[in-house]
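Put together the whole structure using the sequences plus the hints.
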Amino acid sequence: MAPAQPKAAAKPSEPPAGGVKKAKVGKPRNYDLGCGVVRFSKTKMFHKKNVYNSGSGTVPDFDPAYALDSVILVSCSILTPVQFSFSIPVQTSNSDSCPAFNFNTATGYGSNLYEDKAKYKFIGKKNPKAPKAKKPVVVVKKIGGDNNGGTRTVLIKKRRAFYPTQDKVPKRSHHKTFSKHVRRIRKNLIPGTVCILLAGRHAGKRVVLVGVLPSGLLLVTGPFAVNSCPLRRISQRYVIGTSTRVDLGDFKLPEHLNDAYFKKNKKSTKRSVKRKQGEDIFASKKEKYVPSEQRKADQKLVDEAVIAAIGKRDDKKVLRGYLRSAFGLRSSQFPHRMRF
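Quick note on full-length UniProt numbering: the sequence shown kicks off at 1 and runs consecutively.
No lab work stands behind these hints, which were simulated from the structure alone.
Take the hints with a grain of salt, since some may be wrong.
Now the in silico label distances, taken between C-beta atoms and shown as ranges [stated by the list, open to error]: (1) Asn127 with Tyr289: 45 to 55 angstroms; (2) Arg295 with Ala130: 28 to 38 angstroms; (3) Leu198 with Lys296: 21 to 31 angstroms; (4) Leu33 with Lys126: 54 to 64 angstroms; (5) Lys126 with Val154: 37 to 47 angstroms.
Cβ atoms here follow ideal geometry from the backbone N, Cα and C, with glycine treated the same way.
Below, the structure written as structure tokens:
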């Protein structure tokens, strides 16, 4: 094998005859690779040309997403990655060539750190803006001529020259409010029916239905002397109506026993309200519920009618024990197969 010959030294480039260097002719930075695909996208060229900082004289903000330098070969519609190289500059105390980081950059979703820190809340707090004077709507113009009044009051902004001949028909909602909804109660839920509660503090207890309120909620009672269940409202969804009924006769609920009667009077927890009422703004004690005298009198009135109706039955002892016992399921008992 012949020994490798040393390469000849490169000849120094001679200056052109006219003394002017010819400009290099080559491909531009971004060119078409074929099939309608270009080398760099518009976004990448936007950052390469530093368009967003043109004229400011500052170094563009560093973004790792644009530190990716890749060369992609395109053949028809197949893209094959050839080379990926990352070049992430690290800013040091003695380095002046690293890009200056801007901490108010866009996060990618349209919001900046300026907005994330809610700095807009503090604008104009120390130096409030002075109120602007209202601009006049009309202006007084002088008019020449005899017997013309001398002046005219003219609108600065002229009114519209066109007005529609027909008014727009407003769109109205077809949804009815809750107060106008039709209340449909199950046929087996009539006053005097013994029901089983399925939810709430008294779940599992057997109670007597005494009426239906205007909101569609059922009004039930234990009676309180039998199973400690007071007058309560409950939705018919959480009630099982049994075939056992108590004849209440001509008993009617008092008119004041409505939905507003059972509404709780919640006290405001705001400090401004407590300060006006003379209460301690830092107090957070939970108040224990104590029934009013009116509530006790109404409970006694309703329970007397229910207990009197139970006492007229032949199986009053069995019915009282039935109301005292709680409902439950044993093994191999399925509610959809049971007849209540």
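Going through the hints against the structure:
no. : hint                                   : result
1   : Asn127 with Tyr289: 45 to 55 angstroms : holds (52 angstroms)
2   : Arg295 with Ala130: 28 to 38 angstroms : violated (59 angstroms)
3   : Leu198 with Lys296: 21 to 31 angstroms : holds (27 angstroms)
4   : Leu33 with Lys126: 54 to 64 angstroms  : holds (57 angstroms)
5   : Lys126 with Val154: 37 to 47 angstroms : holds (43 angstroms)
The structure shown violates just one earlier hint, number 2.
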